[in-house]
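Colleague: If you read the protein sequences in the order shown, they are chains R and L.
If you use this note's numbering, the first sequence closes out at 1417, no skipped numbers anywhere.
If you use this note's numbering, the second sequence closes out at 136, no skipped numbers anywhere.
The set of hints was computed from the structure by calculation and includes no laboratory data.
Take these hints with a grain of salt, some might be off.
Here are some chain L residues the structure puts well away from chain R; computed CB gaps all over 10 Å [unchecked claim]:
| id | residue |
| --- | --- |
| 1 | E37 |
| 2 | V41 |
| 3 | L42 |
| 4 | R44 |
| 5 | N63 |
| 6 | D107 |
| 7 | P123 |
| 8 | R131 |
To spell it out: a stretch of chain R is covered by chain L in this simulated footprint if at least three of its residues, at any positions, have a beta carbon under 8 Å from a beta carbon of chain L; those stretches are [unchecked claim]:
| id | stretch |
| --- | --- |
| 9 | 1345-1355 |
| 10 | 1401-1415 |
Cut-off 20 Å, straight-line C-alpha distance, at most; resulting in silico cross-link-like pairs (EDC-like, lysine to aspartate or glutamate) [what the hints assert, rightly or not]:
| id | chain 1 | residue 1 | chain 2 | residue 2 |
| --- | --- | --- | --- | --- |
| 11 | L | K64 | R | E1325 |
| 12 | L | K64 | L | D107 |
| 13 | L | K64 | R | E1366 |
Cβ atoms here follow ideal geometry from the backbone N, Cα and C, with glycine treated the same way.
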Amino acid sequence: GAVVSQHPSWVICKSGTSVKIECRSLDFQATTMFWYRQFPKQSLMLMATSNEGSKATYEQGVEKDKFLINHASLTLSTLTVTSAHPEDSSFYICSARPRGGTQYFGPGTRLLVL
Amino acid sequence: AQSVTQLDSHVSVSEGTPVLLRCNYSSSYSPSLFWYVQHPNKGLQLLLKYTSAATLVKGINGFEAEFKKSETSFHLTKPSAHMSDAAEYFCVVSDPGGNTPLVFGKGTRLSVIA
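This is chain R alone, in the form it adopts within the complex (with noise of 0.2 Å):
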């Protein structure tokens, strides 16, 4: 099946900082990418879609110039957490899909804000 990767799966960073996550999708070409942000016990809430070569759409409540989201090609999308404050301290899960296809999702990437 479909396999989509998340890099890293795991960060720490000092607060002020900012993170860059990357999510691949390995064996297809990922027209549409998505990315999700799951705190603990709840379920997965959407953040963004992503369109390759298209300015990201952000869900209401989500600031865009915190949460930067890049779609540069067919195979990734990054989110970078700018300015990273404990608050921000989430797990984060991309998905991906192909035109007209279903969603892949990606392994997650837990970050925790010190």
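Knowing the structure of chain R, use the given hints to seat chain L on it.
Modeller: For chain L alone, kept in the frame of chain R given last:
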């Protein structure tokens, strides 16, 4: 608008006994429905999906789900639970074309007792 209600936040079963995880949906059109499983600190794995073909859908690891339009339900079942089935399960709804973001239920945590 679409929504999903997972009726139980936690289900506990003994190993070898049947599993039933309940899901009701609301959609203004014939939806696509999915069940995903998430093991601790892992991403989401697709168990099965319904896309307006057969109403009884068979998935991986012995799971199956039945789409019942009259009851707006898509309950997940397995005849015999295994210890490795202990995880978080999410029921998800989408429009048939996959053009709108996935809508997640709040999740059901399945515990399997030896």
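Colleague: Taking the hints in turn, state whether each one holds.
Modeller: Hint check results:
no., hint, result
1, E37, "holds (23 Å)"
2, V41, "holds (20 Å)"
3, L42, "holds (20 Å)"
4, R44, "holds (16 Å)"
5, N63, "violated (7 Å)"
6, D107, "holds (18 Å)"
7, P123, "violated (5 Å)"
8, R131, "violated (8 Å)"
9, 1345-1355, "holds (count 5)"
10, 1401-1415, "holds (count 10)"
11, K64(L) to E1325(R), "holds (16 Å)"
12, K64(L) to D107(L), "holds (14 Å)"
13, K64(L) to E1366(R), "violated (26 Å)"
Violated hints, listed in ascending order, are 5, 7, 8 and 13; each of the other numbered hints is respected by the structure.
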